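**Q** Generate the whole structure from the sequences, applying the supplied hints.
Numbering (my numbering), first residue to last: 62 to 300.
Hints were generated in silico from the structure; no laboratory data involved. Owing to the predicted nature of the structure, the values given are computational and were not obtained by experimental measurement. Don't be surprised by glycine CBs; every beta carbon is placed ideally from N, CA and C. Take these hints with a grain of salt, some might be off.
[Said to hold, decoys possible] The calculated lysine to aspartate or glutamate pairs, modelled on EDC-like cross-linking and capped at a C-alpha distance of 20 Å, are:
id: 1; residue 1: K163; residue 2: E142
id: 2; residue 1: K163; residue 2: E99
id: 3; residue 1: K163; residue 2: D175
id: 4; residue 1: K163; residue 2: E180
id: 5; residue 1: K163; residue 2: E105
id: 6; residue 1: K163; residue 2: E136
id: 7; residue 1: K163; residue 2: D177
id: 8; residue 1: K163; residue 2: D134
id: 9; residue 1: K163; residue 2: D184
id: 10; residue 1: K163; residue 2: E178
id: 11; residue 1: K163; residue 2: D198
id: 12; residue 1: K163; residue 2: D141
[As the list claims (entries may be wrong)] What follows is a list of derived Cβ distance ranges for each label pair:
id: 13; residue 1: S168; residue 2: S254; range: 35 to 41 Å
id: 14; residue 1: L62; residue 2: E214; range: 43 to 49 Å
id: 15; residue 1: V170; residue 2: D220; range: 52 to 58 Å
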Amino acid sequence: LVTDTPGLFDQMTPDAYLDFFGQIYGVPADLRRNRIEELLTMFELLQVRGRHMASFSRGMQQKVALARALLHDPEVVFLDEPTAGLDPMAARAVRSLILRLKDASRSIVLCTHDLDEAERLADTVVILRRGRIVAADAPARLRANAASETRVEIVLSGDCDAASRIAARVHDIVDVAQRTPRSLTYRTRRPASTNPDVIAALVAAGAQIVSVTCETPTLEDVYADVVEAEPAEPAGVPG
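**A** Structure (structure tokens):
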């Protein structure tokens with residue numbers, strides 16, 4: 062388990078700290094030394110192995126906490142907000158290490174409120190609401206099935222006054238508008254079926270399409286949809 066606060070014995074060195082926990086985990090002495098060398102190398106801590114951890118940055122401390130969690134080579138690692146409070150470069154380094162652990166075929170349970178981080182790191186996202194699982198799937202599938210609308214922008218080579226009127230007649234699109242004299246936008250919940258219909262109607266009317274851009278719902282949109290769809294809490298019941 063690794064939390065957002067490393068909780069290290071900061072008067073110890075990484076070497077001594079990992080050796081101490083290796084003994085607690087019951088890792089044999091020879092294997093323990095090898096594992097410590099491997100982990101210090103993996104987390105780029107060899108140069109500071111003899112320094113007291115009180116002098117370490119938060120990012121370096123989090124690396125030691127990750128090394129501690131992996132010392133006994135567990136099949137499953139629990140990470141609770143592992144990048145919370147880290148500066149952008151330290152957070153990026155920790156995320157890179159998490160991806161390396163995932164590539165090593167290790168199961169990782171990542172608890173986070175950072176939905177962008179969840180989307181980048183997770184194969185499966187599970188959304189909990191009041192202790193219940195209310196959604197679970199791959200990030201891409203959650204976004205594809207979201208109730209939120211996809212925003213579409215079509216850029217034309219000429220004026221789009223007529224194009225806007227044509228697009229507005231297509232079923233399942235809303236908020237048709239001209240963003241610029243040569244571009245129109247609309248929203249739809251069914252882009253896979255609606256966009257071809259819009260494009261076909263425009264081409265049939267003689268419009269020349271330069272580009273079509275879709276802004277799909279984010280994981281944050283998915284989370285908001287799921288939470289808003291949940292029944293209201295009974296009065297007096299905490300969330």
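**Q** May I ask which of the numbered hints given earlier this structure violates, with the numbers listed in increasing order?
**A** Checked against the structure, no hint fails, so every one of them is satisfied.
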